[in-house]
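Read top to bottom, the protein sequences are chains H and R. For what it's worth, my numbering labels the leading residue of the first sequence as 1, then goes sequentially. For what it's worth, my numbering labels the leading residue of the second sequence as 117, then goes sequentially.
A portion of the hints provided could be inaccurate.
Below, simulated DSS-like cross-link-like pairs (lysine-lysine); rule was C-alpha separation at most 30 Å, straight line [as the list claims (entries may be wrong)]:
1) R:K173 <-> H:K18
2) R:K125 <-> R:K173
3) H:K71 <-> R:K173
4) R:K214 <-> H:K69
In case anyone wonders, no lab produced these hints; they're calculated from the structure. Fair warning: this is a prediction, and the values are worked out from it, not measured in the lab.
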Amino acid sequence: EAQVTQNPRYLITVTGKKLTVTCSQNMNHEYMSWYRQDPGLGLRQIYYSMNVEVTDKGDVPEGYKVSRKEKRNFPLILESPSPNQTSLYFCASRQTPGLAGGNEQFFGPGTRLTVL
Amino acid sequence: AQRVTQPEKLLSVFKGAPVELKCNYSYSGSPELFWYVQYSRQRLQLLLRHISRESIKGFTADLNKGETSFHLKKPFAQEEDSAMYYCALSGMGGGGNKLTFGTGTQLKVEL
Numbered sequence: 001e002a003q004v005t006q007n008p009r010y011l012i013t014v015t016g017k018k019l020t021v022t023c024s025q026n027m028n029h030e031y032m033s034w035y036r037q038d039p040g041l042g043l044r045q046i047y048y049s050m051n052v053e054v055t056d057k058g059d060v061p062e063g064y065k066v067s068r069k070e071k072r073n074f075p076l077i078l079e080s081p082s083p084n085q086t087s088l089y090f091c092a093s094r095q096t097p098g099l100a101g102g103n104e105q106f107f108g109p110g111t112r113l114t115v116l
Numbered sequence: 117a118q119r120v121t122q123p124e125k126l127l128s129v130f131k132g133a134p135v136e137l138k139c140n141y142s143y144s145g146s147p148e149l150f151w152y153v154q155y156s157r158q159r160l161q162l163l164l165r166h167i168s169r170e171s172i173k174g175f176t177a178d179l180n181k182g183e184t185s186f187h188l189k190k191p192f193a194q195e196e197d198s199a200m201y202y203c204a205l206s207g208m209g210g211g212g213n214k215l216t217f218g219t220g221t222q223l224k225v226e227l
């Protein structure tokens, strides 16, 4: 089944404790993104990657890091989490924009993070 | 810069009533517009896109370039339509075809 998976689905942690949220897709998509979803603010892009070893900042990158060593994986790293990073996080992937179907974005199930 | 505006945070209608979820955009080129839906505790999924000109689950949306709008409509709301709806625009941003989302509209269909 074509899908985007994320782990963990739920995480409660404390300020300053480094964490990683994994994201994996099995559709051979080049383009992957991380979003955070907050009430009243919708989805905001944190980071994106256009291909292996190519990443760039989205609209709200502060406090986050990403890496893209393999095409299928795009982990989100919080080196020193803070309470304002409490949110619902979504990973997404899509085919290269411009190709047929390239603009349909597939989302993971979400990771609900609470930073105390 | 590209921007998507959804002016309503919450829209409450009765079952069987018509629904219109508003979406306006700002973009200098030729955009691609989408509607995504998120049912309770589920992931976002694509509902429809303007280039397909299709009707999904009774919903339609027409791109009006003059008014820079892409409103989502359904003639008769059903209880199962209750969900969060996001309008999104794909344009040639710094990330190459950046997808920008609006803030979303929560649709509540009451019996």
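Here is how each hint holds up against the structure:
1. Taking the CA atoms of R:K173 and H:K18, the gap is about 43 Å. The hint is violated against a cut of 30 Å.
2. At most 30 Å may separate the alpha-carbon atoms for a hinted pair to count; R:K125 and R:K173 meet this at roughly 22 Å.
3. Note on H:K71 and R:K173: the hinted pairing is violated, with a Cα-Cα distance of about 34 Å set against a maximum of 30 Å.
4. Under the criterion of a C-alpha separation no larger than 30 Å, the hint pairing R:K214 with H:K69 is consistent with the structure, at around 22 Å.
Checked against the numbered hints above, the structure breaks hints 1, 3 and satisfies the rest.
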